[in-house]
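Residues in the sequence shown are numbered consecutively from 1, following this note's numbering.
Just so you know, the hints here were simulated from the structure itself, not pulled from any lab data.
Be careful, since some hints might not be right.
[Said to hold, decoys possible] DSSO-like cross-link-like pairs, simulated, lysine-lysine; straight-line CA separation at most 30 Å:
#, residue 1, residue 2
1, K338, K351
2, K60, K5
3, K50, K236
4, K260, K289
5, K306, K242
6, K143, K181
7, K233, K5
8, K347, K57
9, K289, K181
10, K5, K242
11, K313, K347
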Amino acid sequence: MTAPKTQQNIDQLCINTIRTLSLDAVQKAESGHPGLPLGMAPTAYVLWTKFMRYNPKNPKWFNRDRFLLSAGHGSMLLYSLLHLTGYDLPISELKRFRQLHSETPGHPENFMTKGVEITTGPLGQGFANGVGMAMAQEHLAAKFNQKGFPIIDHHIYCICSDGDLMEGVSYESASLAGHLKLKNLIYFYDDNSITIDGSTDLAFSEDVTKRFESCGWHVLVVDDGNDLKAIEKAIKDAHRIKDKPKLIRVKTIIGFGMPKAGTSKAHSDAPGEEAVKETKRNLGWDENKHFYVPKEASAHFREAIKRGAKLEKDWEALVVKYEKTHGDLGKTLQETRKNKLPAGWEKSLPKF
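Produce the entire structure from the sequences given, and follow the hints as far as they go.
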């Protein structure tokens with residue numbers, strides 16, 4: 001008789017499911033970036049199963065949390081999560097990773113894949129996109145929220161890399177985010193000390209914590225990217241900070257489990273069949289199974305469907321009460337949800 005799996009067992013099973021799906025997809029495509037998905041899988045798992053508010057069956061729910069992968073080269077991390085949590089992204093599309101006309105392009109594209117919030121790839125761009133989204137969230141909250149009616153209260157989460165932080169646009173947008181005190185912004189820095197060129201010692205040695213603190217951010221540190229309790233605590237602590245954006249530095253090992261983990265060789269390109277098998281053995285996985293999703297992992301991830309449906313239903317019920325109490329604002333909210341501009345909007349345009 002097989003012993004029942006504990007929550008710790010389920011957690012690790014789910015994390016390794018993300019890792020092996022990502023690994024199999026990159027190997028099948030013979031190109032891609034396996035390093036980030038394997039290193040950041042624990043952080044993404046904790047975020048998506050314990051904190052993020054989303055409805056896989058309605059990716060456009062108005063008050064959903066937004067998740068951005070600024071380090072878009074690690075796209076298989078996002079595609080694995082979308083498939084596992086029940087979005088309309090079948091495993092057949094994971095098998096078509098980086099292929100022409102697939103729903104899993106090499107870098108995420110929001111007009112091609114349901115659940116992808118923003119097209120990312122150029123390093124630093126997604127970082128800035130998130131700041132813009134947080135500004136929009138603050139604007140909508142200021143416009144619509146009333147006492148007892150937190151209609152707009154979603155968060156913007158983002159995973160960024162060393163490469164993102166080396167780009168000027170991330171510095172500029174981080175400065176603005178701190179200046180505006182964008183409190184619903186929580187970023188995860190994949191702090192693995194490796195870039196495609198090699199160690200960050202080659203070209204990136206600044207004190208990232210001091211940099212972001214000087215920009216007005218609150219910085220938290222997770223010393224072990226595989227420590228789920230530490231990751232969960234950091235996110236909880238970030239939620240308690242109500243007056244500024246937050247950066248969580250997660251110290252990870254790029255390509256965790258791979259023979260060349262912790263080196264630039266794990267950053268990109270297909271690792272090879274033998275390396276894939278060795279990685280799976282290191283993770284306690286069946287090396288002969290490809291694109292394998294254990295039923296226990298699937299069941300656990302798919303709880304997001306029921307959870308998300310309830311979150312959206314409860315929010316819609318709040319909106320109904322809001323419309324009865326705040327009639328004009330309620331009407332404007334509905335128009336906003338439909339992307340309708342108010343009558344006479346053109347009169348506000350400047351005249352030159």
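Which numbered hints turn out to be false for this structure? 2, 8, 9, 10 and 11
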